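Construct all of the structure, not just a fragment, from the sequences and the given hints.
Sequence lines, in order, name chains A and B.
Take the first sequence: its position 310, counting from 1, is numbered 310 in the numbering used here, and each next residue is one higher.
Take the second sequence: its position 33, counting from 1, is numbered 33 in the numbering used here, and each next residue is one higher.
Just to be clear, a hint being listed does not mean it is correct.
Unchecked claim - Chain B is faced by these chain A residues, among others (derived, beta-carbon under 8 Å):
no.: 1; residue: D381
no.: 2; residue: F384
no.: 3; residue: S388
no.: 4; residue: G390
no.: 5; residue: A394
no.: 6; residue: D406
As the list claims (entries may be wrong) - Okay, the calculated beta carbon distance ranges per label pair:
no.: 7; chain 1: B; residue 1: T94; chain 2: A; residue 2: V430; range: 20 to 30 Å
no.: 8; chain 1: B; residue 1: K14; chain 2: A; residue 2: E377; range: 20 to 30 Å
no.: 9; chain 1: A; residue 1: P332; chain 2: B; residue 2: T94; range: 43 to 53 Å
no.: 10; chain 1: B; residue 1: D163; chain 2: A; residue 2: A88; range: 32 to 42 Å
no.: 11; chain 1: B; residue 1: G148; chain 2: A; residue 2: P332; range: 49 to 59 Å
no.: 12; chain 1: B; residue 1: A69; chain 2: A; residue 2: A394; range: 38 to 48 Å
no.: 13; chain 1: A; residue 1: G372; chain 2: B; residue 2: V144; range: 49 to 59 Å
no.: 14; chain 1: B; residue 1: E114; chain 2: A; residue 2: A88; range: 21 to 31 Å
no.: 15; chain 1: B; residue 1: K122; chain 2: A; residue 2: D419; range: 17 to 27 Å
no.: 16; chain 1: A; residue 1: T413; chain 2: B; residue 2: G25; range: 55 to 65 Å
no.: 17; chain 1: A; residue 1: K336; chain 2: B; residue 2: Y204; range: 54 to 64 Å
no.: 18; chain 1: A; residue 1: E377; chain 2: B; residue 2: D163; range: 28 to 38 Å
Claimed, not checked - Sample of chain A residues with no beta-carbon within 10 Å of chain B, all distances over it, derived:
no.: 19; residue: R16
no.: 20; residue: E19
no.: 21; residue: A29
no.: 22; residue: D55
no.: 23; residue: G97
no.: 24; residue: N179
no.: 25; residue: E191
no.: 26; residue: N207
no.: 27; residue: P304
no.: 28; residue: T353
no.: 29; residue: S373
no.: 30; residue: D379
no.: 31; residue: S395
no.: 32; residue: F404
no.: 33; residue: H414
Note that these hints are calculated values from the structure, not bench results.
Just so it is clear, the structure is predicted and the values come from calculations on it, not from any experiment.
Glycine included, each C-beta is placed from N, C-alpha and C at the ideal position.
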Amino acid sequence: MTMAARNIKTGIAERRLIEEAGAPGFSHAGWFDKARLAALDSFEAAGLPHRRLEDWRYTDLRQILEKRLTKTEETSGRSDAPAGLLDAVDAYVALIGAEGVEGDFSGLPEGAEIVPLGDVLDEGWVRDAMDASVFGDTDAPQAAAIIDLNTALLGGGVAIHIAHGVVLEKPIHLAFSGNGTRHLRSVIVLEEGASACVIESHQAGANAFSDFVSDIRLTRNASLTRIRIQNDDRSAIHLASDRIVLGEGAVLDGFLMTLGAAVSRNQSFVRFTGEGARATVNGVYALRGSQHGDHFCLTDHAVPGCESVTLYKGVLDDASTGIFQGRVLVRPDAQKTDGRQANHALLLSREATMNAKPELEIYADDVQCAHGSTVGELDRDAVFYLRSRGLDEASARQLLISAFLDEVFEAVTHEGVRDILRVIASEWFVQERSRHHE
Amino acid sequence: MLEIKNLHVTVDGKEILKGIDLSIGAGEVHAIMGPNGSGKSTLSYVLAGRDGYEVTQGSILFKGEDLTAKNVEERAAAGIFLALQYPIEVPGVTTMTFLKTAVNAIRVARGEGELDAVRFLKLVREKAKPLNVTDEMLKRALNVGFSGGEKKRAEILQMALLDPALCVLDETDSGLDIDALKVVSDGVNMLRSPGRSMIVITHYQRLLDHIVPDRVHVLSGGRIVKSGDKELALELEKSGYADYAADAA
Ligand SMILES: Nc1ncnc2c1ncn2[C@@H]1O[C@H](COP(=O)(O)OP(=O)(O)OP(=O)(O)O)[C@@H](O)[C@H]1O
Ligand SMILES: [Mg+2]
Numbered sequence: 001m002t003m004a005a006r007n008i009k010t011g012i013a014e015r016r017l018i019e020e021a022g023a024p025g026f027s028h029a030g031w032f033d034k035a036r037l038a039a040l041d042s043f044e045a046a047g048l049p050h051r052r053l054e055d056w057r058y059t060d061l062r063q064i065l066e067k068r069l070t071k072t073e074e075t076s077g078r079s080d081a082p083a084g085l086l087d088a089v090d091a092y093v094a095l096i097g098a099e100g101v102e103g104d105f106s107g108l109p110e111g112a113e114i115v116p117l118g119d120v121l122d123e124g125w126v127r128d129a130m131d132a133s134v135f136g137d138t139d140a141p142q143a144a145a146i147i148d149l150n151t152a153l154l155g156g157g158v159a160i161h162i163a164h165g166v167v168l169e170k171p172i173h174l175a176f177s178g179n180g181t182r183h184l185r186s187v188i189v190l191e192e193g194a195s196a197c198v199i200e201s202h203q204a205g206a207n208a209f210s211d212f213v214s215d216i217r218l219t220r221n222a223s224l225t226r227i228r229i230q231n232d233d234r235s236a237i238h239l240a241s242d243r244i245v246l247g248e249g250a251v252l253d254g255f256l257m258t259l260g261a262a263v264s265r266n267q268s269f270v271r272f273t274g275e276g277a278r279a280t281v282n283g284v285y286a287l288r289g290s291q292h293g294d295h296f297c298l299t300d301h302a303v304p305g306c307e308s309v310t311l312y313k314g315v316l317d318d319a320s321t322g323i324f325q326g327r328v329l330v331r332p333d334a335q336k337t338d339g340r341q342a343n344h345a346l347l348l349s350r351e352a353t354m355n356a357k358p359e360l361e362i363y364a365d366d367v368q369c370a371h372g373s374t375v376g377e378l379d380r381d382a383v384f385y386l387r388s389r390g391l392d393e394a395s396a397r398q399l400l401i402s403a404f405l406d407e408v409f410e411a412v413t414h415e416g417v418r419d420i421l422r423v424i425a426s427e428w429f430v431q432e433r434s435r436h437h438e
Numbered sequence: 001m002l003e004i005k006n007l008h009v010t011v012d013g014k015e016i017l018k019g020i021d022l023s024i025g026a027g028e029v030h031a032i033m034g035p036n037g038s039g040k041s042t043l044s045y046v047l048a049g050r051d052g053y054e055v056t057q058g059s060i061l062f063k064g065e066d067l068t069a070k071n072v073e074e075r076a077a078a079g080i081f082l083a084l085q086y087p088i089e090v091p092g093v094t095t096m097t098f099l100k101t102a103v104n105a106i107r108v109a110r111g112e113g114e115l116d117a118v119r120f121l122k123l124v125r126e127k128a129k130p131l132n133v134t135d136e137m138l139k140r141a142l143n144v145g146f147s148g149g150e151k152k153r154a155e156i157l158q159m160a161l162l163d164p165a166l167c168v169l170d171e172t173d174s175g176l177d178i179d180a181l182k183v184v185s186d187g188v189n190m191l192r193s194p195g196r197s198m199i200v201i202t203h204y205q206r207l208l209d210h211i212v213p214d215r216v217h218v219l220s221g222g223r224i225v226k227s228g229d230k231e232l233a234l235e236l237e238k239s240g241y242a243d244y245a246a247d248a249a
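Now the structure itself:
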């Protein structure tokens, strides 16, 4: 490709990202450097995704990042409660920034490792996990292409390896915080029969731009509970892509909560490569002000006999915007697939917007699949009913909103974490309460 | 207890109540009867303070205070309780959680302090038993999947727990079989006391055999067109509302 051709597509926002990234926090001369250069070429050729691409029609990342260049000081806002509450979980805590990985992991059992990604790039399990060829014929190339940005500008990250048969009793808590622009990656590999719970919390500061990719591999009969809480400052931009591969009999219990950031885009690409595996990819989003939260989920049933559940529920207040784009793909061989996907949103204000596009693409005949989407408002009759029994308006609303969301919390299997997630959600209402009383 | 004078109410710009006068003393039970669409439920909603019911003229004094100045939950705390004609289903909120939240909200508003879990549970058991409200029902989402009769019994349980001063029962007898009618009426009668007044809205004399009223009023076309003692209900049962509907038209 000639330089001239490159420059047509690589605009000011792309160049700024490349400049900002600087040198990575680790040095690696081998395979990854080649991958990085290839990704940089692809990114420069394609540029940032924009609204004319179907997968990005609701989130014009190019325009958003161009605007950010001219943006001056923003008012920021965020509750620090989630971070504080998560401290109550007895976990192996890893603080993760561009500088590296900090934490005391001496208590980890044999066979469990938490290490800076840059230190282990040459390990086979890391390289395999970062190899996207398993997604080669992905059904969502437009969405997946943004991962090139992360590969090209990767500054660091963390790698977790749980060896064959090792069951980690305590959760691992990956705490991400920081400012400015960061491109980080997590690699999580559970070998055969291993089991773990990984909590990820995000608390980026004002005007931060965070770009995360998680490469997750669950080998035969491995079982992972993964909780992701995004509570960035409400002026930040947050981009996250999960590539998750499940082998035979593997179980993923995934839950994410989107509370923060001005603009966030969460992508999950789940692919089954072994029979009898089960993936739950659930989420809750609660947005207000002019927050924009986009959730893109592709579940790819490439083999028979797997089960997937995607349930998202959101509450949108003020002039916030929620987006759910979901696709369940059942390939011709994937008989006996059970695939379910639904998004339900509650609009708390007339200015709030929800765009939902759940899709089923089924090429096998013996399958059970369902999808659904609803957008509603709080039931005014129910609010009156509860108030007539003495609850003040804010409590009545909170009770009804919590009840609406609770189905998703209920599905989180880790009990201690589930309770804390509920408390974190109720914190969101405390903020609502103070506003409604103004 | 309750003093309503020349009450006019509009809903969506349409006048539904057209000058109601009603005075209820402490401990009295008043029945309100009247044809469909005459404004009975409207009156009950106005008392409870529901949005969209605009008082355009007249006054409502409750325990000597202007009721219309209070919002819905303040009225509940002051002692107004409305058992709805159609209790609302609230998915996701278990009946038990709801009852606890409501009881404590009201207790706090009345300066009584919250009940702890044990004392609350004891109280619910005690009040639920005579109403045949089972533990299984208490675990279910509020009113969701409850039969018509179960919904009405759950309303009376709420009433018993919230210790109101004025109970408004809107067609609590509709949809009840004969046994359930007895259970519900007994529950209501247990709550009769010198300090507690009741407005019982019904279409059927049968309920008033169980809950014997001090006064009976006929509401028609948004006005009280006739008042009398309990014999009036018997008369209505025979003659219907034809005479009164003509008056109101
Ligand atoms: N939101 C509304 N807009 C316009 N008219 C309304 C509205 N709500 C109620 N009405 C009208 O007000 C009148 C009184 O209704 P209400 O429910 O109070 O009657 P009711 O006496 O309780 O009747 P029923 O015996 O059938 O329960 C009816 O004509 C009804 O159609
Ligand atoms: Mg009625």
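Results for each hint:
A distance limit of 8 Å between C-beta atoms decides the matter here; for A/D381 the minimum to chain B is near 5 Å, and the interface restraint holds. Against a cut-off of 8 Å between C-beta atoms, the interface hint on A/F384 holds, since the closest Cβ of chain B lies about 5 Å away. Taken as an interface hint, A/S388 checks out: its beta carbon lies about 5 Å from the nearest beta carbon of chain B, inside 8 Å. Interface hint at A/G390: satisfied, since its Cβ lies 4 Å from the closest Cβ of chain B, which is below the 8 Å cut-off.
Evaluation of the A/A394 hint against chain B yields a violated restraint, the C-beta minimum of about 10 Å exceeding 8 Å. With 8 Å as the threshold, the beta carbon of A/D406 comes within range of chain B, its nearest partner Cβ sitting at about 5 Å, so the hint holds. At roughly 22 Å, the beta carbons of B/T94 and A/V430 sit within the given window of 20 to 30 Å. The beta-carbon spacing between B/K14 and A/E377, approximately 24 Å, falls within the hinted interval of 20 to 30 Å.
Taken as a hint, the range 43 to 53 Å holds for the pair A/P332 and B/T94, whose Cβ atoms sit roughly 45 Å apart. B/D163 and A/A88 have their C-beta atoms about 38 Å apart, which keeps the hinted 32 to 42 Å range intact. About 51 Å separates the C-beta atoms of B/G148 and A/P332, a value consistent with the hinted range of 49 to 59 Å. At about 20 Å, the CB distance of B/A69 to A/A394 disagrees with the hint of 38 to 48 Å.
Checking the proposed 49 to 59 Å range against A/G372 and B/V144 shows it is violated: the Cβ atoms sit about 19 Å from each other. Checked against the hint of 21 to 31 Å, the pair B/E114 and A/A88 passes, with Cβ atoms roughly 24 Å apart. For the pair B/K122 and A/D419, the beta carbons lie near 26 Å from each other, so the given range of 17 to 27 Å is met. For the hinted restraint 55 to 65 Å between A/T413 and B/G25, the CB-CB distance of approximately 59 Å keeps it satisfied.
A beta carbon spacing of about 57 Å between A/K336 and B/Y204 agrees with the range 54 to 64 Å that was offered as a hint. For the hinted restraint 28 to 38 Å between A/E377 and B/D163, the CB-CB distance of approximately 33 Å keeps it satisfied. Every Cβ of chain B is farther than 10 Å from the Cβ of A/R16; the closest lies at roughly 46 Å, confirming the non-interface assignment. Listed as a non-interface residue, A/E19 keeps its Cβ farther than 10 Å from every Cβ of chain B; the least gap is roughly 49 Å.
Separation of A/A29 from chain B is adequate, the least Cβ-Cβ distance of about 56 Å exceeding the 10 Å criterion. Every beta carbon of chain B lies more than 10 Å from that of A/D55, the smallest distance being close to 33 Å; the non-interface claim holds. Taking the minimum C-beta to C-beta distance to chain B, about 39 Å, the non-interface status of A/G97 holds against the 10 Å cut. Taking the minimum C-beta to C-beta distance to chain B, about 39 Å, the non-interface status of A/N179 holds against the 10 Å cut.
Here A/E191 stays apart from chain B, with its beta-carbon at least about 39 Å from theirs, past the 10 Å limit. Look at A/N207: its CB is around 37 Å from the nearest CB on chain B, clear of 10 Å, so calling it non-interface holds up. With a cut of 10 Å on Cβ distances, A/P304 stays outside the contact zone with chain B, its closest approach being about 35 Å. The claim that A/T353 is not at the interface with chain B holds, since no C-beta of that chain comes within 10 Å of its own (minimum 24 Å).
Under the 10 Å C-beta cut-off, the non-interface status given to A/S373 relative to chain B holds; the minimum distance is some 18 Å. Remark: the non-interface label on A/D379 conflicts with the geometry, its nearest Cβ contact in chain B lying 8 Å away (cut-off 10 Å). At the 10 Å boundary, the C-beta of A/S395 falls inside the reach of chain B, the nearest C-beta of that chain being 7 Å off. With a cut of 10 Å on Cβ distances, A/F404 falls inside the contact zone with chain B, its closest approach being about 6 Å.
The claim that A/H414 lies off the interface holds: its Cβ sits roughly 21 Å from the closest Cβ of chain B, which is beyond the 10 Å cut-off.
Hint violations for this structure: numbers 5, 12, 13, 30, 31, 32, all remaining hints satisfied.
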